[in-house]
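Peer 1: Here are the chains, one letter per residue:
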Amino acid sequence: MNIFDKLKSIVNVDISKLKELHIGVIGNNNTSIKIEYHDNRTILGIDPNTVDSLEKDKVIQILRTVIDAKGLVIEEKSKKLLDDFKSEDKLQTNQDILSYFKGKLPGQDLEILRASLFILGEFVKGHSIESLKKDVRNRYGTRGNNIVNLYSAGYFGTVIKPLLEEMSARKDFSITIFFARYEVIVTQVTFAVFVNRRISSTELRNEVMAKIALNKKYGIKKLNLHGIGIDNVNKIQELLTSIRQEIQWPPQIDSEKGFITVTINF
Amino acid sequence: MYTVTFDAKLKKLVLEAFNKDIDDSGYVVEKTNPTQRVLSPDGEEIKLEDFAGIKNGSEVFIKSDLISLMELCDSLS
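Protein sequences, first through last, are from chains A and B. Heads up: the first sequence begins at 1 in my numbering, then just goes up one per residue. Heads up: the second sequence begins at 1 in my numbering, then just goes up one per residue.
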């Protein structure tokens, strides 16, 4: 007997409409199961407060039958989230990003990135993402939160990937060297300004000074600058000279040929 | 794989179907041993409000957060 036949033996439903089965709540003090069909979906409605024990046992039997048949019993909103995630996760653009970073990120960061892709997709669609971000934070802590923010700000594409490519072009490259720099970006993101080629020297100075003022206001006494590529390295070095009087000197500089990280204290 | 969805208001009924109950702190527990809290696949105790469902075969209790559902998605693939 297949599962549809088994379900039909419990409750007299139309097998042709059993592709989707939902157990819902109805009011009106009903003691029995009410069967409805909407858009090829079968809905078994019960009032959990007044349903009689024989009818309730039928629902229990249905649930156990589905699980015994290696099926899934899932709350409706979670099913929607599951389906939405599956759709977004399958997108070629997202798969390409995940393929690129597979084996190139430490620990569970690839899974966090995967969640980040979905969260950004939901944000772009205009859906609320606060509970999704909270889910990431609850599982992965501040690190998870930082990676979600890094991804949504575009920094995986504009900072982390270029950094990896710049570093991996070197003869003495090892992934652990990249991890060390990546770690600084991920753990210090809230205190960072990422310098890109589109920003002019004046705009950069203005942004950094505004960030310093904001950080000072809230008792934060440092700021990190990250730059990849010779032009951005030079831009940061020029900036440091121009703001020398505003910061503690000398700043901490970690620089190699194609990238630079500076920690400014003030 | 056959899937049945249920209204969130029926969580307790679903749990009852699999001999589970809720303790005074709101956690899902074994009906026959109420001191034993049910664990999710990642080893976490499950509150009623976070309970999302049950998966095939053995009793795999699913939580409703994004990461748990991502893991469910992978296990179903």
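Any given hint might turn out to be false.
[Unchecked claim] Some, not all, of what chain B presents toward chain A, calculated at C-beta under 10 Å:
1. 8
2. 14
3. 18
4. 22
5. 29
6. 35
7. 36
8. 37
9. 38
10. 39
11. 42
12. 45
13. 52
14. 64
15. 65
16. 71
Simulated from the structure, these hints should not be mistaken for laboratory data. We put the beta carbon where it would ideally sit given N, CA and C, even for glycine.
Peer 1: It remains to establish, for every hint, whether it holds in the given structure.
Peer 2: Results for each hint:
{"no.": "1", "hint": "8", "result": "holds, 5 Å"}
{"no.": "2", "hint": "14", "result": "holds, 6 Å"}
{"no.": "3", "hint": "18", "result": "holds, 7 Å"}
{"no.": "4", "hint": "22", "result": "violated, 14 Å"}
{"no.": "5", "hint": "29", "result": "violated, 18 Å"}
{"no.": "6", "hint": "35", "result": "violated, 24 Å"}
{"no.": "7", "hint": "36", "result": "violated, 20 Å"}
{"no.": "8", "hint": "37", "result": "violated, 18 Å"}
{"no.": "9", "hint": "38", "result": "violated, 14 Å"}
{"no.": "10", "hint": "39", "result": "violated, 15 Å"}
{"no.": "11", "hint": "42", "result": "holds, 8 Å"}
{"no.": "12", "hint": "45", "result": "violated, 13 Å"}
{"no.": "13", "hint": "52", "result": "holds, 4 Å"}
{"no.": "14", "hint": "64", "result": "holds, 5 Å"}
{"no.": "15", "hint": "65", "result": "holds, 4 Å"}
{"no.": "16", "hint": "71", "result": "holds, 9 Å"}
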